[in-house]
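Residue numbers (the working numbering), protein chains in the order written: chain R, 9 to 265; chain F, 8 to 328; chain B, 2 to 362.
None of these hints come from the bench; they were simulated from the model. All the pointers check out, no bait thrown in.
Derived BS3-like pairs (lysine-lysine); straight-line CA-CA distance at most 27 angstroms:
#, chain 1, residue 1, chain 2, residue 2
1, B, Lys149, B, Lys248
2, R, Lys32, R, Lys75
3, R, Lys149, R, Lys44
4, R, Lys149, R, Lys138
5, B, Lys330, F, Lys125
6, B, Lys126, F, Lys125
7, B, Lys330, B, Lys126
8, B, Lys176, B, Lys248
9, B, Lys149, F, Lys300
A few chain F residues facing chain B, derived, Cβ under 10 angstroms:
#, residue
10, Val267
11, Leu308
12, Leu313
Okay, the calculated bits of chain F under chain B, using three or more residues with CB under 8 angstroms as the criterion:
#, region
13, 119-128
14, 252-264
15, 294-302
Positions of the beta carbon are idealized from the N, C-alpha and C atoms, including for glycine.
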Amino acid sequence: MMVADTLLQIREVTKRFGGLAALKDVSFDVTVGEIKAMIGPNGAGKTTMFDVLTGILHPTAGDVMLKGESIVGLRPDQITAMGMIRTFQTIQLFEGMTALENVMVGCHCRTACGFASSGLRQPAARREEKDIREKSMDVLKDVGLATRAGEIGTNLPYGQQRMLELARALASEPDIILLDEPAAGLNQYETGELAGLLVRFRERGLTILIVEHDMGLVMQISDEIVVLDYGEIIARGAPQDVQNDPRVIEAYLGIEA
Amino acid sequence: MRMGDRNQVRLLWGAAALVAVVVVFTLIYKGSTGLQWILSGLTVGSIYALVAMGFSVIYSSTRVINFAQGEFTMLGGMMMFTLCTRGGLPLWLGFLLTVGIVTLLGAGFERAAIHPLKDQSVITVIIVTIGLAIFIRALAKWIWGTDPVKVASFTGDKPLRFFGASIVPQSLWVFGLTLIAVVLVFAFFNRTLLGKGMRAAADNPDAASLVGVSASTSSLVAWSIAAAVGAAAGAVIAPINFAAYDAGAMLGLKGFSAAVLGGLGSAPGAVVGGLMLGVLEMITAGFAPSGYKDAVAFLILILVLLIRPQGLLGKPADVKV
Amino acid sequence: MDKQLARLPDAESRNYRTLAISTAFILLIPVWARFIPGDVLHIDIVNVMVLAGIYACVVVGLNLLVGYAGQISLGHAAFFGIGAYTTAILCTRIHGFPTWLGVLAGTALSGAIGWLVGKPVLRLKGHYLAMATLGLGEIAFILFQQLKWLTGGTVGILNIPPLSMFGLKFDTDLKLYFVVWIIVMALMLLSINLIRSRVGRGLRALHSSEVAADAMGVNTSTYKVQVFVLSAAFAGLGGALFAHFQKYVNPESFVLAISIMFITMVVVGGMGNIWGGLIGVLLLTFLPPVIQALPQWLPGLPSGLQNFSNYELVLYGLLLILFMMFLPKGVADGLGRAADFTEVRARRLGDRRKAKRLEGR
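Start from the sequences, fold in the hints, and give me the full structure.
Below you can see the structure in the form of structure tokens.
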């Protein structure tokens, strides 16, 4: 059933809140190394889909498979450990932590020292701590925030906070990253930087599923687009095709159709 | 006052059924003695209900739990003692003055200490109300001393016979007051513009400006109502249970348990929760060593909190960060 | 970049340096306290400091739970009591039972019960968690009173032997002082290590946003239980030491007011600040003896104010309210802000210490 290079399979996922269906029978795959975009008007169910994928919500029906294994019912941290991580639509940096510390939290699932070894500062814990610090610094360098390492994350300018969230997610060494409107609030220059960064990460083998309202960015970087409206897929395909699909134009632009 | 979600209602029905079974069993097994326990339970339960209502009013309007709620009730009893028993004022005047003064205290504290805290964490607000509780209790000890005080009954002490059990007339006053209070509070939140506005504002702070009720007004009114209800409860129970400076803490805790049992935020729920708690407590005191009586409330509290549906633990609003 | 990496351990070692200096300072207190005759201060400093050290054991753990992980508990007097009763029962019922083993047993049992209770209760949040832990504390108190065959009811357990270890008997306040404060410093060291580690970051992340912490791979539900168990064990340890210090235990020492006192110490000192917790302990433990000594210090006081017990709690309640209103982040934060002020000025002169300090926080 599973094609060799399919990373994430979403099978007929339905999510109801009370009587309201936020997602209805949504199915699609994400292939290794692609940038897939999920777009749709507000309230189409995009963030709900992210919540279902990352284990914050459980689907009412359907299945989600990561690398061929079902992840429905797993805790968010278990899914993160399996190689899928997300960012948030509203920035969720940890309060009172420096930029570096924020990224270090991202290393959590790749490290192991618990209460005892950390509290007693055993050699293993020290070694691990040093590794975490170096790796996090590397990730910060990667997104261009190395000079901000010691500053409190929430004090950074908005655009840099977005980048920091990205860095924190990358520190978990994900195979696939889910980005929830990463360009929201960024200016044109910053959006350009972000696009370059994402393409660069893709070249390194990272798979990306992105929810974004900035159509310029979506059209520029994504390989394939899935369009959601009222919890259902109304179109999918290459950017140009989707762009010209009358149903998409109607759903998306409403009046202009 | 908040939409009691279905699970909460189901839980309440389950609890009510359980209490009903216990009551029937007690009546069959113990006859009129059992009836006596139940009547005392209803009396003390009414007071829990009134305290619970105080918690609910503040919580549903401001999402604050007022750890000093029981102290308002204690003050109610003590003021009655000073004004009527010592001061010789007529009952009705003493009662009105008591409620009026404690209401002013509640409102004054809200303005002085709760209002300035607006954006502080839950823990900070909890500690402030705990500080208030300690403060009031200590002042009461200073003013009235440590001995419990006796307040005269409103209409004599001659017990009324009731199927082999007896009930003091003061209990009827307690029932009456509880009924009046719940009707008034319910009507306030469902019939008046201000009350409806407060509910809307609590559910959706952004809507507050639309309905013309600011969070500030809401909080002030809620604290005033809670203080008034608490004081009235204390005033009317004082002739049955001796009033003492340290009675507030336990009353507060039990009132909170009752509120949680009835669904925090619902006035009728508070009454049902209070009565059930009172009855269970008295029946427990009848069957088990009376020292365990107080544990009933806390066991119920913890059980309800743990069985409590996802609906209240993780509302969608919490998830959508 | 390497410069930045090099700078971080510096902040860490500063914390250890503070610990070393304060340890030295605290261990020297009995020496200089000797030179102040008791009838000048009217406070037995060593005696109060032993009590403060015992409370500090609880507060250091509670600060990890409340200040770092953001989970409130209004029932820690229960764990304090479990530790105290465990060693008291073992050491009085079993003849010749080693007291240090009793202390260990108290710590372990308290932690174990913390685990049993914490697992279900920590699913609750905010006010609900506060009330549930409060309820648990009250149930424990009722059990201490009612399980007469085990706890001796309201009378409690008398004639608890003094702590002894390695053939040494710690039967005076002064001897106990050193044991208690060395333990406190060890617990502080453990906490500082923990906070600066992977686990500490996980706890702080959980405090800030549970959902985000979960999504970043932090197993928040397990962390909550683990830190609760740790704080329960610390409280049990404090309680066990308390039993051997006071030589008797009864339920009065484990009432709700004591739980509230613990949480107040955390809050007054500064949530999420290890040193703040210690400051909170010292302030609040010395408050009653100072109020008690006031009439002797100020002999001209009106007679209504002579009896301290009347207004001790009035002051206490008032202080709580005022602290929360004006220093909601605690004394330590207030001190920190004062330090900030001077550092900002220093920075204007080209000093970059502030940046360093921020990293170290």
